[in-house]
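The lines below spell out each chain.
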Amino acid sequence: MNGEIFNANPTVYASKRSARKSKFEAGQSLWIDEQYQPELSSESEVEPIDEDEIFGGFQAFLTPKLIQITHIVTDLIRFIADPEHPNSLEELRVVSAEQIKIGDNHIMVEFTPTVPHCGMSTLIGLSIRVRLMRSLPQRFKVDIRVKPGSHQSELAVNKQLNDKERVAAALENAALLETLEKCLEPVGGPNSL
Amino acid sequence: MTTAERLVRSWMASEKDSEVDESVAGISSGQLTLLDIIKALGEFLTSKEDRLRTKGVEFLSSVLGRCPHEKLNRQAIRVLTTFYCSKLEDLETIIPALNGLSYLVKFPNIQSAEVKDIINAIFANVKMRALVQSTRFFVFSIVNSLIASHRDTLKEMGSAFLAGYVNLAVGEKDPRNLMLAFAIARVVLAEFDTLAHTEDFFDITFCYFPITFRPPPDDPYGISADDLKQSLRLCLCATPAFGLLGIPVFLEKLTAGSPSTKRDTLHAMDTCLPVYGPVVARELGKKIWSSLKIEIFQPTDPDTEHSALNTFQFLLRTMHADKSQDAVGEDSITSLAQDMCSECIQTLKEPEKSQARAAMKVICAFARANGPLSSFAVSQAAELLIRNFHDPDEVSNRASVVILLTELIEACRGDVTHASVSQSSQSTLSPLAASKDPLLGLLIVSLKGPATCLPALHGLNALVRTPKLVADDELGYIVLEVSELLRKEPDEVEDVTMDTLALLSTIAGIAPHHLSSQTLPILFSFLPDVAPSRDAITQRASYWRALSSLSALCVQPQLFETLVVRLIAKLDILCAILSSRTIDQESTAAYAHAILTALANTLDVKVSSKDVDVPKYAEQLLPHMFRLYLDAALASSEVVAIAADPRLLQVGARIIRLVSQTLTVAGQEKLVAAVFAAYTQGDVKLITGGLLNSAIPFAPLHLNASPRQRNSFTLFSSTIVSLRKEVRMPVDNLSTFLSELVAWSDSPSSTILQREAASHVLASNVNKHVDDASDFLTSQLEGYSSSALKNTSIPAEARKNAISTWISITRALLVRSHPSANAFINHLFELLDDNTVDWDAARAIGLLASEDVILTKRNDAVLKILHVQKYFNVVMPRLLEGAKGSRRETSYLVALAYLINAVPKAIYASQMPSLMPILLRGLDLVDPSIRSHIINTLSNNIDVTSADKDAVSMYASTLVLAMLKNCMCSEMPDPGVRVAALKYLALLPGTVRYDLLHPYKTRVLKELAKVLDDPKRAVRKEAVIARTNWYKYSG
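Quick mapping for you: the protein sequence lines, in order, are chains A and B.
Residues 1 to 193, numbered by UniProt numbering, are exactly what the first sequence covers, in order.
Residues 1 to 1035, numbered by UniProt numbering, are exactly what the second sequence covers, in order.
Each statement offered as a hint is correct.
Per label pair, the in silico range of CB-to-CB distance: (1) B:Pro-904 with A:Ser-29: 27 to 37 Å; (2) A:Ala-169 with B:Lys-286: 47 to 57 Å; (3) A:Met-108 with B:Arg-921: 42 to 52 Å; (4) A:Pro-116 with B:Pro-215: 43 to 53 Å; (5) A:Glu-181 with B:Met-498: 32 to 42 Å; (6) A:Gln-152 with B:Gln-539: 46 to 56 Å; (7) B:Thr-271 with A:Gln-152: 43 to 53 Å; (8) B:Lys-1001 with A:Pro-116: 34 to 44 Å; (9) A:Ala-168 with B:Val-874: 56 to 66 Å; (10) B:Ile-573 with A:Ser-29: 22 to 32 Å; (11) B:Pro-217 with A:Ser-29: 58 to 68 Å; (12) B:Lys-349 with A:Gln-152: 25 to 35 Å; (13) A:Ala-169 with B:Gln-133: 52 to 62 Å.
Calculated from the model, a selection of chain A residues having no Cβ within reach of chain B, i.e. all distances over 12 Å: (14) Pro-83; (15) Thr-112; (16) Leu-155.
Below, computed lysine to any residue pairings styled on SDA-like, alpha-carbon distance capped at 20 Å: (17) A:Lys-101 with B:Arg-1017; (18) B:Lys-570 with B:Asp-584; (19) B:Lys-725 with B:Ala-861; (20) B:Lys-1006 with A:Ala-168.
In case anyone wonders, no lab produced these hints; they're calculated from the structure.
No residue lacks a Cβ here, since even glycine has one placed at the ideal position from N, Cα and C.
Only chain A is shown next, with the shape it has when bound in the complex (with noise of 0.2 Å):
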């Protein structure tokens, strides 16, 4: 990044805690302690992929030697750092939960750039397509569009975010995949739980 700062002083946002309940809390058991049962009980129980699985709320499911286990966690986009600042893209509000819409096999995300002249957009956008596809089951298909009004060239970003000639084209660009693996870093990650 040679000197343009497309925006030097953005808002910075406090990152949302969630948490999943555990058996008691949901009203399942009667009994505290099977919250602390681990989740991998052998049960046939289907957990199906959902928004906060995308947002990556579940590391506060997990205990904490879990998490530092797997700091290097990728949670999936909340943590995707910002290409142009030291925060993730959920602390300057460019992807929140409910911007992302899940259908059946069918997945929506919205990011909104912190301004509308942002030339970083195609590459958050990229780095969001990216994650997910190295990320989700192939039977997803995966939608990212720039919030409509937020980006002056608005039509140009979408199109080139979803066109997979171009996003594989770009893949094949060892100076651009090497931007978009710092950016897939995470940011503070879930040890700022």
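Chain B: place on chain A using the hints.
Same frame as chain A, but now just chain B:
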């Protein structure tokens, strides 16, 4: 031929060290004099042949180097000095001559006249650039020695010395020489009058800044970049005269450098600024500030930002160093500091922006400075932010304002590391004192808003922890308002309970009475007298919320007492024995269980922090607990007795154990006597403190005892396990008692709970009183082993139970390294060949090495260090042998897997290469727990095994395929194994060379894509991590 001549000639021919040694020995003993040697050398020293001349001087220098210091008188030194100085002119002899001088200057007899001669000769004849490193090193060590011993002579030489030295030192590049050069420069700059040569010295020191030296691998000289940085930094800050010249250099490096250079520069400025003094700091302050501003407002990384803030504080302090401390008021603040402050205040006007955070960090640096500076900046910032908070147009930014204010409060609190600061802040008022009231009001208002609540709690916490700021009645007000938050239903999105409790706990340490009068009543009101019904989910959640809050807050002694009294009363109502089934038994039991758990959790915290008030609860709490449980145990099976529930008994046992651990020997003796009276003689009066009188006999150890009575044995066991070694069991014969206990536990009607309790008593007693129990051990080895352990005619279930009993006895002996442990272990090995219980025996062999909760330091068990290692060294070879060839290899493999999983990895790391093939074979066993044990072992050792490259790399492809198989939902139904396998896969890219696994990359990515669709969330999460790592994996 004289001795000297003989020595000289033979050295000239052979160059052997022995001749030098012999000469030195001759000089030391007085048989030879240095003069003899010089005479003998005569023809060589003046020889026309270059080579001979060099060698001649070389020999003399080597002798001089080892010559004892007292053997040379002034005369001799004078002669040698003149001689060497003349040899400096000769290009052929300059190297040995400098070497000789470097020895000569260490002699104590050297006089100032000689010093001057030497220095002048060096300045006149030595051309540093023409010499190699080792020779230049002699020059530097000569100057260094002279500076150490003849500083005044050199000072007299004045300008001649300074100019000459600069000429020598300029252009030096070798780190070994630089270490000396920096040391010399430091002394010269600090003690000599260098004013006229400031620029020269500036040139020969600042040209090295910043040091980018990186020592070569296996550096034989052991000079690190840090050593150089350290000694250069001492030069840079040696004189205030460098100020005007040095600062611009620093600033230039700061702007242009890499992050590490920036940090280095900032640290150098930290040490230099105070030396350069206030005048320089004020003159260049503006430039320094604008450079630091960039580092703070557009930080490259957190470390550099932190260093920049630190430097900023040094700048502030230096700028105001000459202002007297007493001058209160704004006059003493330089206009530059005022400008800096107002610049930050300007930025704070947009509190929601990221730059406001940076500006606040600068203000915090002001706050940490002393006196007027601090109050000047703090009052302005606080005033601005408070005004902003109340501005109706800025309501949406309130959260940011509160966050910034919290940072300010934290900064004003001063940190404990700066002892001087905190001392002075105790005498003076906190800079926040003036704005305390509006601040408090603002924070209280913020508590009401959902967005500002959390930051406000943090702010209040910082405020409360500031010494001497908040008055007692204000604390009461805070408690009143904050307690209201506990009354509310927890917010779905933003749960502030944890932070509320953190704040209240802080206050509990300062003023507990506010909590007991305002917070506790609210929380107790959430605890109903009757358990909520099965479908009342919200009530259940709310009582547990209240209980966990109580448990967190009531660690403080006074509050804990209230908690105990209130909760016991609640339990008495809930657990009353009823003859009719009018209540929902399970809900009530679950509620009582929750109450007991809360109590036990608080006790646990108190015991861990060694609170002194715990022992008194042996009198105040334990009798109630025993009454509750024994009452239920005595009740007939027709009536409802909530406290007879095994789950409740377990929490009760935990509470009893915690209290009993803290008792003195006398206290424990009293307790154990009462417990024995109840359990062996049926006299329950003593243990329940007279609260229980029963007509039904209490005899839980009787073979026909009711299940409820038998269950209550858990409480007995929990009292016994934490007894100290000195406390004897009140029984006539310990062996008989233990044998009876084994029989009781082996009774067919025993439940797991009962057997576990019995085995705890066994383990604890065998461990602490092994000498009293020798009869018991013999009977176990001789009788029990054949009648139960290896008796194939009794049911398999009974034999498995016997193995568990066996484990606890063996482990009790093992941890104290008792010799009879081996006999017990041998019996387990014999069982590995048995068809029915081989796996149990194998598991037992592993379990013996694992940690347990009974034989711990806290329970005063006898523990020998390294007992695990000893056990491992005995057992491991036998297992390895068995796993290789015997026909029961599976059970050996199982034992191996359990054992390795139980011991710390350092014990077996060296054997890893031979273990690898066996472990890989173990991955084919069907049992999921064994598989996950093995995979965990592999993950734990991935760094160790990859250190010697072979172990992992050799098997890398096998490992990848095995793990892929184990992470598929379709092939491995146990999610624990799938998670372990994925974790292992995620580790591989970090440790194995890429070229080894390149053929598998595509396949792994493809297979992992399927795992991303696993039904379990935890598995998917691990799959994401593993897949990301494999994507990044490349050559």
